[in-house]
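A.B. asks: As numbered in the working numbering, residues 16 to 111 make up the sequence shown, in order.
It is worth saying that the hints were derived from the structure and are not from the lab. Note that this is a predicted model, so its numbers are computed, not measured. Quick reminder that beta carbons are idealized off the backbone N, C-alpha and C, glycines included. Be aware that a few hints might be false.
Label-pair restraints from in silico Cβ distances [as the list claims (entries may be wrong)]:
#1 S58 to K18: 30 to 38 Å
#2 E35 to I59: 18 to 26 Å
#3 V102 to K72: 19 to 27 Å
#4 P91 to V64: 31 to 39 Å
#5 E108 to A60: 25 to 33 Å
#6 R26 to I51: 14 to 22 Å
#7 F111 to A82: 16 to 24 Å
#8 K27 to D73: 24 to 32 Å
#9 A60 to I90: 35 to 43 Å
#10 R88 to E31: 27 to 35 Å
#11 S83 to T107: 19 to 27 Å
#12 F111 to A46: 27 to 35 Å
#13 E42 to A82: 24 to 32 Å
#14 E95 to D73: 25 to 33 Å
Subject to a maximum C-alpha distance of 20 Å in a straight line, what follows is the list of computed DMTMM-like cross-link-like pairs (lysine to aspartate or glutamate) [claimed, not checked]:
#15 K18 to E28
#16 K18 to E75
#17 K43 to E108
#18 K72 to E28
#19 K22 to E110
#20 K32 to E75
#21 K27 to D73
#22 K38 to E101
#23 K43 to E62
#24 K32 to E47
#25 K22 to E39
#26 K38 to E108
#27 K18 to D98
#28 K18 to E47
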Amino acid sequence: MIKIVAKQIIRKECIEKYRELTKELVEKSSAEAGNITYTSNQSIADERVHCFIEIWKDQEAIDIHNASEHFQRIIPQLAELFDGPEVVDLYTEVEF
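Turn these sequences into a full structure, and let the hints steer you where they fit.
C.D. replies: Following this line, the structure appears as structure tokens:
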């Protein structure tokens, strides 16, 4: 499994538009075959800070997701609302 944390800072006046777009992105991404979980999250300390927390079966599932119609259409619209660059980190779980 691969976990993704994609953090964005949203311009305050754009938060409602961001939520509208992310609702569709979360719904469609969650329905993809290789997705385990896909959530949109807002910081408790700062309403402008949001992140997607995603878990995917494997890199192939991520590649299919990144090529999907909804991802290709929505992500550029979200980027217009950012107040700075998005930070995306990929993780694998440490096994003990």
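A.B. asks: Next, verify each hint and record whether it holds.
C.D. replies: For each hint, the structure was consulted:
no.	hint	verdict
1	S58 to K18: 30 to 38 Å	18 Å, violated
2	E35 to I59: 18 to 26 Å	22 Å, holds
3	V102 to K72: 19 to 27 Å	23 Å, holds
4	P91 to V64: 31 to 39 Å	21 Å, violated
5	E108 to A60: 25 to 33 Å	26 Å, holds
6	R26 to I51: 14 to 22 Å	31 Å, violated
7	F111 to A82: 16 to 24 Å	35 Å, violated
8	K27 to D73: 24 to 32 Å	37 Å, violated
9	A60 to I90: 35 to 43 Å	25 Å, violated
10	R88 to E31: 27 to 35 Å	19 Å, violated
11	S83 to T107: 19 to 27 Å	23 Å, holds
12	F111 to A46: 27 to 35 Å	33 Å, holds
13	E42 to A82: 24 to 32 Å	18 Å, violated
14	E95 to D73: 25 to 33 Å	31 Å, holds
15	K18 to E28	30 Å, violated
16	K18 to E75	13 Å, holds
17	K43 to E108	25 Å, violated
18	K72 to E28	35 Å, violated
19	K22 to E110	25 Å, violated
20	K32 to E75	30 Å, violated
21	K27 to D73	34 Å, violated
22	K38 to E101	18 Å, holds
23	K43 to E62	24 Å, violated
24	K32 to E47	24 Å, violated
25	K22 to E39	18 Å, holds
26	K38 to E108	27 Å, violated
27	K18 to D98	24 Å, violated
28	K18 to E47	15 Å, holds
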